[in-house]
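Model the placement of chain Y on the given structure of chain F, informed by the hints.
Here's the letter readout for the chains.
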Amino acid sequence: MGCAASVPDKSSGRSGGLNNLENGGPPDAKNLRVKLVLLGDSGVGKSCIVLRFVRGQFDPTSKVTVGASFLSQTIALQDSTTVKFEIWDTAGQERYAALAPLYYRGAAVAVIVYDITSPESFTKAQYWVKELQKHGSPDIVMALVGNKADLQDSREVPAQDGIDYAEKNGMFFIETSAKTADNINQLFQEIAKRLPRPSVPDS
Amino acid sequence: MENTDVLLGLHDFLERMRQPSAADFVKSIKSFIVSFSNNAPDPERDSAAVQEFLANMEAAFRAHPLWAGCSEEELDSAGEGLEKYVMTKLFTRVFASLPDDVKCDEELYEKMALVQQFIRPENLDITPTFQNETSWLLAQKELQKINMYKAPRDKLLCILSCCKVINNLLFNASIASNENPPGADEFLPVLIYVTIKANPPQLHSNLLYIQRYRSQSRLVAEAAYFFTNMLSAESFISNIDAKSLSMEESEFQNNMESALALLSGLSTDMDGLSNLNDQNAGHLPREQLIDSKHQALNSKKEKEPVNRPKSSERKSGSKKVTFAEDQAPITKVPSLSELENKGATMLLKEDKASQVFQEYPYLFANVGDLTINDVEDLLNNYKQLVFKYVCLSKGLGSTSASQLSSNFHTPVVDHAETVKETEDQKIAELKDESDKDTGTNDGPKSVSVSEEGVESHLLQVEADAHQGGKNDGNSQ
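If you're matching them up, the sequences are chains F and Y in order. Just so we're aligned, residue 1 is where the first sequence starts under the UniProt record's numbering, counting upward by one. Just so we're aligned, residue 1 is where the second sequence starts under the UniProt record's numbering, counting upward by one.
Worth flagging that the hints you see were computed from the coordinates, not collected in a lab. Do not take every clue at face value.
Unchecked claim - Pairs of lysine-lysine, DSS-like flavour, derived with a Cα cap of 27 angstroms:
#	chain 1	residue 1	chain 2	residue 2
1	Y	Lys243	F	Lys134
2	F	Lys179	F	Lys193
3	F	Lys84	Y	Lys164
The structure displayed is predicted, hence computed values, not measured ones.
So that you can see chain F by itself, here it is in the shape it has in the complex (with noise of 0.2 angstroms):
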């Protein structure tokens, strides 16, 4: 694990006080809140990732969620900033693909996910980087990840292949592993630090 502690979370969507000044108030440079959204093959872990990096720091208490497809979870970064990600998790099979655009809409940073034990799903996960590319907001986040890393002798795509293609397309690029929770928190903090800053007001 090793990394920053996260900051219990505590929406709910309708919470009143602080996030509430983002949807108009000013921009708050302390205190992101960003659109995050997953696509990648159906199987490949997409959810997840996003649960072993949630249950981290997992609250009981916060019963508001309703599943895995959406989570939010607060991070704190060194510079005393604090992240907030909304995850939206998009359905992979291939029936569904034509309505990513619905959900990748408006999102800050989109985390593309594949399963190093299928070509198949980096093949997929390419496809989704020329979408984005083409049709998602131009200064978006793309995080490219290969997934399932502690299964290396099934190892299909190497990890050459991986940064290869997101070093072409000016990409962040990591393995992970939902399962041992390998890379997991390191995937969001350095997400975090490539987040485009609102500029700080004079004051």
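Relative to chain F, chain Y alone:
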């Protein structure tokens, strides 16, 4: 629970509006609502106006002495109360106000009515582990409540409750089978399946209405996510074709055609199915039902839904002429409660009304008359009744099939509806005091006292007259 919060919020809001110092607020609200009667519906302009008004008013509440020292929660409820009040008043004016939207509603409704006849969970990639059609009925029921409400928030809550039920079921299934926790791969397919099976009337208009009139600062985070899922379910359903269900083109066509045949066949089979309606009192409604079913069938044939063009083509003007005819059959299919009321009225006029009920030995029995031996008999009767009711409802294409069980098994639901009733009355109250000139939005409560009396004898399980009345009011 959330609902109670907002009921209190509305109550609190209305109370504050009665204070002398709120006179300016009342005036603004009133003139805002009146301003809508001067213009033809224009969703974009109307939505922007409502959003701006809600935001400005909320800001004004925040600065006003009436709310001095109040918590964020109290201000939030005031905002909710305002939204609910304003939108309940504007509902008839802005809901499904464009012919194009109404047409979309009908096409979507017809499509779901057909597809629900043959779709299987596998067609949507729902794995056996997560299949649970019986429990999904609970989720369908939540979604079907959407037309019982006028406030955007209440409609949205129906969608959120439906999603919650699905998620809970998926979660339990994943634990039971030791599978990974469910994510969107599991969730969206079930939501689509449940939506098709629930087939709530005017789904398209409901979604647009929430999108346009739910205050933007509240359609965020989790609510926004699940609402997006509902939008995406609608989009998927309206584009359903052979490929999207992994079927051969010919198989899909055949399925659509037999679904159409089945839907029309049900109305002629009804004689055999329904001993209940096979009473003197049942004749007229049944004939009407069959008539309107035939109409619906004919219009469907003309429109050839099986070969329906993609939505972009559909919007072209060529079909506009036939629009009114297309619309007629669907809106004319009498609702269950309409049929019920008609039957009740006829029964009242009948000289030998009591003879009609002689076939039902327990109808006038008292608890003391019954013995333990009657239990089996009663249970059988009950099962037959439920089966007939559900078949009839299905045949009608009605969404209220599950209301029978809702009234029977979950008193909580009844309670919630009672609460809602008083809340609607409250809205009407303020209207009477301060707003006489804008007319009423509440649907007519068509059931007279005497009819209600007969009805309760007729079918005690069918206690949804009020519900039905409300639905009718909303859908017109």
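Pair hint outcome, F:Lys84 versus Y:Lys164 [Cα-Cα no greater than 27 angstroms]: Roughly 23 angstroms between the alpha carbons, so the hint for F:Lys84 and Y:Lys164 holds.
Going straight from one Cα to the other, do Y:Lys243 and F:Lys134 come out at no more than 27 angstroms? 25 angstroms, holds
Pair hint outcome, F:Lys179 versus F:Lys193 [Cα-Cα no greater than 27 angstroms]: At roughly 24 angstroms apart (the allowed maximum being 27 angstroms), F:Lys193 and F:Lys179 satisfy the hint.
Violated hints for the displayed structure: none, as all numbered hints are satisfied.
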